[in-house]
Each structure stands twice: as structure tokens, then as C-alpha cells.
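A.B. asks: In case you want the letters, here they are:
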Amino acid sequence: MHSLQASHATANRLRALTAALVLAFAGGAQAQSVYVSSEKDNKVMVFDAAGKLQSKIDVCKRPRHMMFSADQTKIYVCCGDSNQLGVVDRASGKMVDTVPLADSPEIFDLSPDGKVAYVSIEDDSVLAAYDLATKKPLFQVKTGGEPEGVLVTRDGKWAYVTSEEANVVHVVDLSKKKIVKDIKVGNRPRRFAASPDGSEIWVSNELSANVSVIDVKTQTVKGTVPFEIKGMRANDITPVGVVMTRDGKTAWVSLGRANHVAEVDVATRKVRRTVLAGKRAWGLALSKDDKTLYVANGLSDDMTLVDTQEGKAIRTVASGRVPHTPLVGP
Amino acid sequence: MRKAACRRFSLGLSAERPSGASAWRFILASALWACVSVAQAATHTVALVSLQDDARYQSRRLERQYPGHPAGRLVQAVQLGVSDAEVGLRAAGQTLKVLEATASSAADLGKVLQQLKADRVAYWVLDLPEAQWAQALQAAGNSALLFNASAASDALRGSACAAMLFHSYPSQAMFSDALAQYLAARTWRNALVLQGPEVADLRMGEAWQRAAKRYGIKTVDSKAFKLSGDPRERDLANPRLLTNDRQHDVVAVMDADGEFARTLPYATQQPRPVVGANGLVALAWHPQWERNGGPQVNRRFVRMAQRPMVGQDWAAWVAVKSVAALLSEHGKASLPEQARLLRSGQVFVDGAKGPRLSYRSWDGQLRQPLFLSHVDGVVATAPLDGVLHPVEVLDTLGVDEKESACKTKP
Chain A
1 MHSLQASHAT
11 ANRLRALTAA
21 LVLAFAGGAQ
31 AQSVYVSSEK
41 DNKVMVFDAA
51 GKLQSKIDVC
61 KRPRHMMFSA
71 DQTKIYVCCG
81 DSNQLGVVDR
91 ASGKMVDTVP
101 LADSPEIFDL
111 SPDGKVAYVS
121 IEDDSVLAAY
131 DLATKKPLFQ
141 VKTGGEPEGV
151 LVTRDGKWAY
161 VTSEEANVVH
171 VVDLSKKKIV
181 KDIKVGNRPR
191 RFAASPDGSE
201 IWVSNELSAN
211 VSVIDVKTQT
221 VKGTVPFEIK
231 GMRANDITPV
241 GVVMTRDGKT
251 AWVSLGRANH
261 VAEVDVATRK
271 VRRTVLAGKR
281 AWGLALSKDD
291 KTLYVANGLS
301 DDMTLVDTQE
311 GKAIRTVASG
321 RVPHTPLVGP
Chain B
1001 MRKAACRRFS
1011 LGLSAERPSG
1021 ASAWRFILAS
1031 ALWACVSVAQ
1041 AATHTVALVS
1051 LQDDARYQSR
1061 RLERQYPGHP
1071 AGRLVQAVQL
1081 GVSDAEVGLR
1091 AAGQTLKVLE
1101 ATASSAADLG
1111 KVLQQLKADR
1121 VAYWVLDLPE
1131 AQWAQALQAA
1141 GNSALLFNAS
1151 AASDALRGSA
1161 CAAMLFHSYP
1171 SQAMFSDALA
1181 QYLAARTWRN
1191 ALVLQGPEVA
1201 DLRMGEAWQR
1211 AAKRYGIKTV
1221 DSKAFKLSGD
1231 PRERDLANPR
1241 LLTNDRQHDV
1251 VAVMDADGEF
1261 ARTLPYATQQ
1271 PRPVVGANGL
1281 VALAWHPQWE
1291 RNGGPQVNRR
1301 FVRMAQRPMV
1311 GQDWAAWVAV
1321 KSVAALLSEH
1331 GKASLPEQAR
1341 LLRSGQVFVD
1351 GAKGPRLSYR
1361 SWDGQLRQPL
1371 FLSHVDGVVA
1381 TAPLDGVLHP
1391 VEVLDTLGVD
1401 EKESACKTKP
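Protein sequence lines, in the order shown, are assigned to chains A and B.
Okay, so the first sequence: first residue is 1 according to the working numbering, each after it adds one.
Okay, so the second sequence: first residue is 1001 according to the working numbering, each after it adds one.
No wet-lab data here; the hints were simulated from the structure.
Because the structure is a prediction, the values reported are computed rather than measured.
Simulated restraints on C-beta separations:
| id | chain 1 | residue 1 | chain 2 | residue 2 | range |
| --- | --- | --- | --- | --- | --- |
| 1 | B | Gln1288 | A | Lys288 | 37 to 43 Å |
| 2 | B | Gln1065 | A | Lys312 | 48 to 54 Å |
| 3 | B | Pro1129 | A | Gly156 | 55 to 61 Å |
| 4 | B | Gln1065 | A | Arg246 | 53 to 59 Å |
| 5 | B | Ala1134 | A | Lys40 | 48 to 54 Å |
Built from N, CA and C at the ideal position, the CB exists for glycine as well.
The following block holds chain A by itself, in its conformation from the complex (with noise of 0.2 Å):
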């Protein structure tokens, strides 16, 4: 009895230190908070940095791709099966309003000023661009079939949009209001992630197992970086998020099927290790310092934690039914 009850104290020591540990790895002094959309749940989850769950937030249906508002106090949630941007006041923890969109929206980005959401309607094909202090549909822009990543640059005049069904990367004019560029790249093109600079957008090809790097400059595709893993056939790796360090120098991709995230050099565009998360590893967020990943995982139902100085999972969170996207906030 007694021994029994020195190894619980034991025990819970350990966890308290882990726990500890966890915490410095994921973000130091800094509270930081991590969002996830689930998408069969119809809440965002509300974690800590260290994974621990805090609250969750109800919002509209099949909520997917999130982003904060330019004064962070908001979440915009991108809501599939009710066709509507919701908006989550981070203060009092609640969906405080919606803004309607076209049928089922999945990515979106927002303008520089934060004013105007851009929205891939995956049912339509189309970009559609909403005002939202106004709620009012702006425009429309008609692409290939099945459009998904949304990405304006910083200076707020294009929009690239990749679509699944056309293979390719739609350059669209947002002044003009047209597509005046399609860049061929690999199959099924799903998400991106800009260099720090802008010179550089890096878009996942799902079926074609890579990266296409695109430059901005030229509006061409100028390399690819290629997924291998060991004892994995191509068919198997499914590249999908992309994030990029606040340095520019590391690309982290989630690579689907594999259930593994790559870690990539950017300036050789080599892969540099890769590390185990969940099945179907899909959306994907950094930390503020840039020490954790966190990667959701959409069929195994949880977020896995990254150490990306060690190249480590460090721990694996319930995240409700088909986790996302995460987002990390202050």
C-alpha cells in the first residue's frame, strides 16, 4: 500500500515535470494560445501552447481555415456546410457574427488592411471577395475546378489561387479583377506559404509528392522539392501544409497519407529530416519563436506537438473530430 502510494507520488512528479518540460519547449515565458478548427465538431478548440485544452468555441458549420484579424482581437473561421465567415471575439471566447459567403469557401486570406476577406468557393470555382466590414460580396473571379489555396501579397495586388482539378496556379489581378496568369504545376495543387521576403511561393502538390517553388518575380515555377521517405512509395506521400519559419530558412510540409511533416532547407531545397505526427497530416502552425509545430491530423483526431530544434513529436492531443487548421495567437 504504502509503496504503492510513493510510486503515484512518484509519478505525478514525473508528469508535473514533463509537463514543465513541455511548456519550455513550446513557448517559454509567453502564453500563447493554439486555435482548431474541427470540422465535425462545429467548435474551435482552445489549447495552450503546451497542448493542454482550455475551452472550445462554438461556431458555424464545418468550420476550416482560420486566421486572426489585423488587430488580433478576432478569429475568422471559414465555415464549409453553412456558407459563412465567422467571427470569433478571442475576449469572451464567442462567435460573435458571420459573414455569408458563396457555397461551400474553404481557404481564404485577407488583405493587407485586413478589410477584405478572399475566399476559394470550392463548389462554384471561383475567388470571391467579401467586404468585411460591410458583409457584401465585392467581386467574383472564375477559376479552374475545385480551387482551395488562397495567398494575397503584401502589397495587396495579386492573388494566387491554386486549383485541384486544373493542375495549376491562377494569378489573378485583384485591381483587374481577372486571371492573368495560369502556372502549370504538379498535381492536385492544394496550399501555400510565402518566404518572409515575397520572393518565393512555395504551393503542395497532393498527387505529385512535391513542392513547386514558384518565384514571384518571373511568375514561374523555378524548382521542386521532391518527398521520399523510406519504405514509403510515392503514392503515399501527400503533401498538403506549408509553413515557413519567421527566418525563411526552414519550410515545414505536412505530408498526408505519410502521416509525417518534412522539414525543408529552403535555400537548397533539400529535405532535412522528417518526423511521425498523425494519420493524414494536414493542417499545420508555428509557434511565435518558431520551436513548435503543430500539426492536425485529420483522421487520427488529434494534433501532434513538434519539437523542431530536436526534430521530435513531443506530444499528441484529442482534437476533436477532423481537426484542420491550427492557428497560434498571443
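Given the structure of chain A, go ahead and fit chain B onto it with the hints provided.
C.D. replies: Positioned in the frame of chain A, the structure of chain B alone reads:
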């Protein structure tokens, strides 16, 4: 000038041109885009070859909606393929248009095929009854790339294969392997086989026996069923009498038609699942597939056809996507060259079923996952997790390279 050309062009296309008893209709995915194509892009035609009096499409037959059977003509699926390919091909300076080449009857088919050949239509999506295949293959020769969008016949992929023939629809062997893999994964290893009398039933039974042997599913008994008006044969269509034994885990029903199989689920004497032609069925597509972009494809199809998408529609859609993949990468290659490229396995298509898909080098079959489905949804996808293959897991479904009887190469 360009405007005038557009108008003439679209007028010419929309006019019906009766040619004997066959009706020719051109359909444009987008009139606007056709105008642009006059000015700059190379236009290619995809013909959908079918028979007006095809028994599979008689209205009373279609009403039955037996699982695995076509739910309607494939023209909307072909149109959807063209419309989906439009933007991707724009970058390559190519456009596709659809031609419905419908023969009024089998007797009229020869004329329709000759016309296609005379018009140098390079891509044919074939949706024909089994009896017409030999004629179509012979007529086409090397003048067109052919895509089989609805025939599961193993012979067409084996001894009767053709160099220019590709199969976007799965084979009977693939369907049977998918089912056997699932039963093996669930350790439902003892099957009572109910075998129908028709030739198509027997072929289905042969494919099943092959798959069952591969995956260790034991046939504890095989009983003949027969739908008959003869009072002496009434027992042969009685589900309870046929399923009275207790030694089986599942009832596997080999009924290519579907009428008898429909009477079986929940009607067996023992509480056993029904698989094969009803109950749990291996399908090329399911309207409730909710991953890999499935809902988007299904919604686009419903908008176009006003009905749910089934396997044959999916195969026709993917056939057009295969043509588009060829044109965007290898638009300048000759047709035999394009056939070789497809057979090289290096031309990939996205079929919204997960992995990228490619054609097998030995018989031109599109390797693809299959859905283990009941009427309401998808239970699992094959290849099942844990099934292994030395080269490509998708090749655990159907006839592998070493077993193939197809000797023809482009």
C-alpha cells in the same frame, strides 16, 4: 472578324446533322470558350460511343437502380470531364469538345464508327454492350485511343485486349479482389456462394473463385439460384431455403443482373451478411464518398446530370481527365505514342479516390482504389490496409503483370 467566326462556329456545332439513323450532336462546355478556341487553341474531340437501344438503358431497367449498374447515359460525365479539364488545358493551349456518337442500333454502329474514323476523332469513350466490343475494336484499329467506361469483362483486359484500348472502369477481377480482401480483413472466411445461371453470372462466379482463392476465403457450399416461372423450380429462388445451412459467415451472391440479389439482404435464414451483387458491393464510385474531394465531384455531377454519380459515370469522367492529362503534357505526340505514354504508367490522373491513378502497362487497366459499399455509403476502400504488393499496392486488385493474358502492346 473573330466574333463572326465564333458565331458561325457555334451555329455549325449546335445544328443537328442527321447521318442515316444516327444522331450527331456536338455539345460545348462553354460557348464563350469555344470562341477563344477558334482564335488560338488546338481543339480535340472526345466522342462518346453508345447504342440508342442498349438494353442497360431501357427506362424500366434504369428504374431498378441495381447496385453496380449504370444509372443513366454517360454523356453528362463526359461533359463534366471536359468542363473540369478546360482551365488546365488552357495553359497548354488546348481545348476539348464532346461529340455524342450514338448509333440507333447494333446494325448502325459500323457506320457511326466509320464516320468517327473519317472525321479523325482521336479519343473515343466507349459505352457499349459486350456483344459490340469486337466490332468497335476492329473498326478503331490504331486510329483512336479508346476508353472503356462501363464494361467489367476480364476477357477485354485479357485475351481480347487491344493496344489502343484503356479501361477506366474496373474489371470484374478487381471488384472480386476488393470484396475478398475485405472479407479476409474481417476474418469472414467462410462463404456460401449462390450462383446464377447466366453467362455473366458464371463469369462473375469465376472471378470470385479466383479472388477467394487468393485471399483464403473458403467456399463452404455453392448453390444454384434461378428466377423461374416453373413451379418445380420455385425452391431455387427462395432465399430461406437456399441459406438454411449454418456453416457460413457470409452469403456471396453471383447475380450479374441484380434482380435475385435484391431479394436477399435481411431475408436469409441465418443472420449473415450478403455480399457480391447486393448487400456489400465493390463499386468504382459512390455518391456518398466524402473524402479526397468526392463531395465536390458529386455535387458538380448532380448539377449537370440531375442524378447521383455512379461508377460508370466516374469512369467516363476519368477517361476524359486521362485525355486531358495526355494533352496537357504530350499534346504533340502521335496517338500510338500517346498510348505508349499511358501504358508507361507515368501519366497520372486525379480520380478523387485518394492516390493519383495511372494505367497498367500490361493491359491498359486504370489502377484505382475501389469502394466496399452498401446502398447508403462506403464501408471501406480496397486495397485494404495491410495488403501488400512488391511494387504497387493498387495492383493487388485485378490481374497482375505476370498473370495477364494480354499480349498486345501499342
